[in-house]
Amino acid sequence: MTKAVRIERSTRTSRIFGVAGLFLLALLVAAPFYSGRSELYLWVEVFCYLALASLWNLLAGYTGLVSVGQQAFVGLGGYSLFTLTIFFGVPPLLAVMLAGAVATLFSIPTAWVIFRLKGAYFAIGTWVVAEVYRLTFAQVSVLGGGSGSSIPSQIVQSIAPNRLARDNLIYWTGLIVIVAVLATIYLILRSRWGLALTAIRDSEPAAESVGVDNYRTKFLVYLLTAGATGSVGALIALQKLRISPDAAFSVNDWTVFVIFIVVIGGIGRMEGPLFGTIVFFLLREFLADWGPWYLMLLGLFAIVITLTMPKGIAGMLADRFDIQIFPLRRRVRFRNPQDTIGPGLTSALERSQKS
Amino acid sequence: MDLVSTVLDGILLGGLYALFAAGLSLIFGVMRLVNIAHGDLIVLSAFVAMIIVGALGLHPLVTLVLVVPLMASLGYGLQRVVFNRALGHDILPPLLVSFGLSVFLQNALLQIFSGDSRRLHAGNLETWHFDLPGGIAVGVLPCVMFAVAVAVITGLQLLLYRTKLGRAFRSVSDDQETAQLMGINNAHLFGLAMALSLSIVSVAGVFLGIRANFDPSIGPTRLIFAFEAIIIGGLGDLWGTLVGGVILGVAQTLGARINPGYQILAGHIVFLAILTLRPQGFFPKTR
Chain A
1 MTKAVRIERS
11 TRTSRIFGVA
21 GLFLLALLVA
31 APFYSGRSEL
41 YLWVEVFCYL
51 ALASLWNLLA
61 GYTGLVSVGQ
71 QAFVGLGGYS
81 LFTLTIFFGV
91 PPLLAVMLAG
101 AVATLFSIPT
111 AWVIFRLKGA
121 YFAIGTWVVA
131 EVYRLTFAQV
141 SVLGGGSGSS
151 IPSQIVQSIA
161 PNRLARDNLI
171 YWTGLIVIVA
181 VLATIYLILR
191 SRWGLALTAI
201 RDSEPAAESV
211 GVDNYRTKFL
221 VYLLTAGATG
231 SVGALIALQK
241 LRISPDAAFS
251 VNDWTVFVIF
261 IVVIGGIGRM
271 EGPLFGTIVF
281 FLLREFLADW
291 GPWYLMLLGL
301 FAIVITLTMP
311 KGIAGMLADR
321 FDIQIFPLRR
331 RVRFRNPQDT
341 IGPGLTSALE
351 RSQKS
Chain B
1 MDLVSTVLDG
11 ILLGGLYALF
21 AAGLSLIFGV
31 MRLVNIAHGD
41 LIVLSAFVAM
51 IIVGALGLHP
61 LVTLVLVVPL
71 MASLGYGLQR
81 VVFNRALGHD
91 ILPPLLVSFG
101 LSVFLQNALL
111 QIFSGDSRRL
121 HAGNLETWHF
131 DLPGGIAVGV
141 LPCVMFAVAV
151 AVITGLQLLL
161 YRTKLGRAFR
171 SVSDDQETAQ
181 LMGINNAHLF
191 GLAMALSLSI
201 VSVAGVFLGI
211 RANFDPSIGP
221 TRLIFAFEAI
231 IIGGLGDLWG
241 TLVGGVILGV
251 AQTLGARINP
261 GYQILAGHIV
271 FLAILTLRPQ
281 GFFPKTR
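Sequence order for the protein chains is A and B. Read in order, the letters of the first sequence are residues 1 to 355 in our numbering. Read in order, the letters of the second sequence are residues 1 to 287 in our numbering.
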């Protein structure tokens, strides 16, 4: 029996990008063999921002939970790394993963309290919580209080005895983190859960009416992104080897920039953070020396993009050129080219049942 | 007696927080816009007042004659040119636009005025005080701030419930489409609401500058204080916002008495506790 319709997910472009992506991954795995220290350092930064942006996009773009307080979990992850390695003797690379679990634990009471706030008030509520964490860690004197502390050298040595090997291991850890984050988001979005998330993104009442438990879904997504954000925070702390409350819980570094990346790239699309990260790092490489001018420009850029191109770069590419990198959309393909969605779909289905 | 004086300081500080909050609450009520740049606009007003003090040698409070119309015009323009385009059923665009504006303002101020701490010098007003029985000294400035906050809230209440403009604000708040059908020009009205909000912001900014040091980076924290006062008091009730400001102020001064590092933390914790126990605030009014 031949079906008149089939559901297709991958497109030719997404297959091309899939092959290119695997090729890029191979290049990235081998990067320590042909790149210098500073390039590897930059790559880890790129991984961190891409991961933070993808997670924020999952949270805000799909579930509508616009958080301005994700720096809470970046900071918690960083401090967990310090606590686990210094006081519990956990190997640093393992601590990066465990920091995610710690951040998840903290996110449960956090979510329980701030889920009472809706919409824009939720946004500022998350910010207050992040401030509470920052001010609290500034009072913890064993972790250096307000001025922060550095990882003792014997712990740094325990990663690998020499600097080159250490840099490589941190780089590969970063690569594992970003691949894990992107793969998780991809698999979630392709699953039933992803369908629920997309439904919530498009219309909350409609999602609820077809049986999605909005509150539960949002809660779980919040915990998941908090945990992954914690691991990224631990990675950031491991790369810097230093931590202080103001840097670890910085709203500018870990939320403002991340939101700009997602908005410029395209919110509510998995490709968005990818494009946004590229634009962000290009701008940074060329304009960072301008200091405040650079940030003013970034602020203006965000306003202009929101008003004129609300779907960002990824949205524009998808609308105009039908380009999508990740095969997340389901499309109906007809055997008979005259059939279309709508009445045609029903008749095509009927014919396929008869044959 | 020391404790009484700490609590009194906190209550009076609550007046300033209510001033921070009133403008934010007004525009949320009228157009459901949460202006993330609110705190930065307060700081901007303080800088504008500083320039006028420097240029004309006026007393900071007298500069309000110029700061209020300047900020009100800026508010009207911002609303018509920027915010109105972002408003809609989706909450994300206005949030992102005001977020962008916040970052822009902070860095523009940093570029123009550097990161140094500034102060608006108000002469004797800074030090004047009177003594209550029991040896409690009360500053005149905090009392003036509190009185101004009460006056601003009274004025807003009268405007909202006794005037034609107030009726228009309330009708738009209830139902934008129907209000428009009744002949209200929403875009213009939103502009007026933002102008009014920034007029209150000007007053708050000048008091902020007289009371303590300020620099371009302190805006976001003022936004958070304003937000906490609104939520504690209950969304939509202006007198509730004053009570919220007072609770926040007292929490902060008591926290600071235990340890100066706890001042802001104590305020946040009281806010979160109230959010947990009584999420609708003390005087909820929004539908």
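There's no promise every hint is true.
[To be verified] Which stretches of chain B does chain A cover? Using the computed rule of at least three CB atoms under 8 angstroms from a CB of chain A, they are: (1) 89–97; (2) 262–275.
[To be verified] What follows is a set of in silico ranges between Cβ atoms, one per label pair, in the way DEER data are often shown: (3) V113/A <-> L132/B: 31 to 41 angstroms; (4) R167/B <-> L300/A: 35 to 45 angstroms; (5) G88/B <-> W290/A: 54 to 64 angstroms; (6) T198/A <-> G88/B: 16 to 26 angstroms; (7) D319/A <-> A147/B: 51 to 61 angstroms; (8) H59/B <-> Y41/A: 52 to 62 angstroms; (9) L300/A <-> G88/B: 50 to 60 angstroms; (10) E45/A <-> G54/B: 35 to 45 angstroms; (11) P205/A <-> V62/B: 32 to 42 angstroms; (12) P279/B <-> V19/A: 25 to 35 angstroms; (13) F23/A <-> A212/B: 55 to 65 angstroms; (14) A147/B <-> L300/A: 52 to 62 angstroms; (15) G145/A <-> Q280/B: 35 to 45 angstroms; (16) I51/B <-> E285/A: 34 to 44 angstroms.
Just so you know, the hints here were simulated from the structure itself, not pulled from any lab data. Glycine included, C-beta positions come from ideal geometry on N, C-alpha and C.
Quick rundown of the hints versus the structure:
| no. | hint | verdict |
| --- | --- | --- |
| 1 | 89–97 | holds (count 7) |
| 2 | 262–275 | holds (count 8) |
| 3 | V113/A <-> L132/B: 31 to 41 angstroms | 39 angstroms, holds |
| 4 | R167/B <-> L300/A: 35 to 45 angstroms | 37 angstroms, holds |
| 5 | G88/B <-> W290/A: 54 to 64 angstroms | 33 angstroms, violated |
| 6 | T198/A <-> G88/B: 16 to 26 angstroms | 20 angstroms, holds |
| 7 | D319/A <-> A147/B: 51 to 61 angstroms | 56 angstroms, holds |
| 8 | H59/B <-> Y41/A: 52 to 62 angstroms | 54 angstroms, holds |
| 9 | L300/A <-> G88/B: 50 to 60 angstroms | 21 angstroms, violated |
| 10 | E45/A <-> G54/B: 35 to 45 angstroms | 42 angstroms, holds |
| 11 | P205/A <-> V62/B: 32 to 42 angstroms | 53 angstroms, violated |
| 12 | P279/B <-> V19/A: 25 to 35 angstroms | 51 angstroms, violated |
| 13 | F23/A <-> A212/B: 55 to 65 angstroms | 58 angstroms, holds |
| 14 | A147/B <-> L300/A: 52 to 62 angstroms | 40 angstroms, violated |
| 15 | G145/A <-> Q280/B: 35 to 45 angstroms | 37 angstroms, holds |
| 16 | I51/B <-> E285/A: 34 to 44 angstroms | 36 angstroms, holds |
When the structure is compared with the earlier hints, violations turn up for hints 5, 9, 11, 12 and 14 and for no others.
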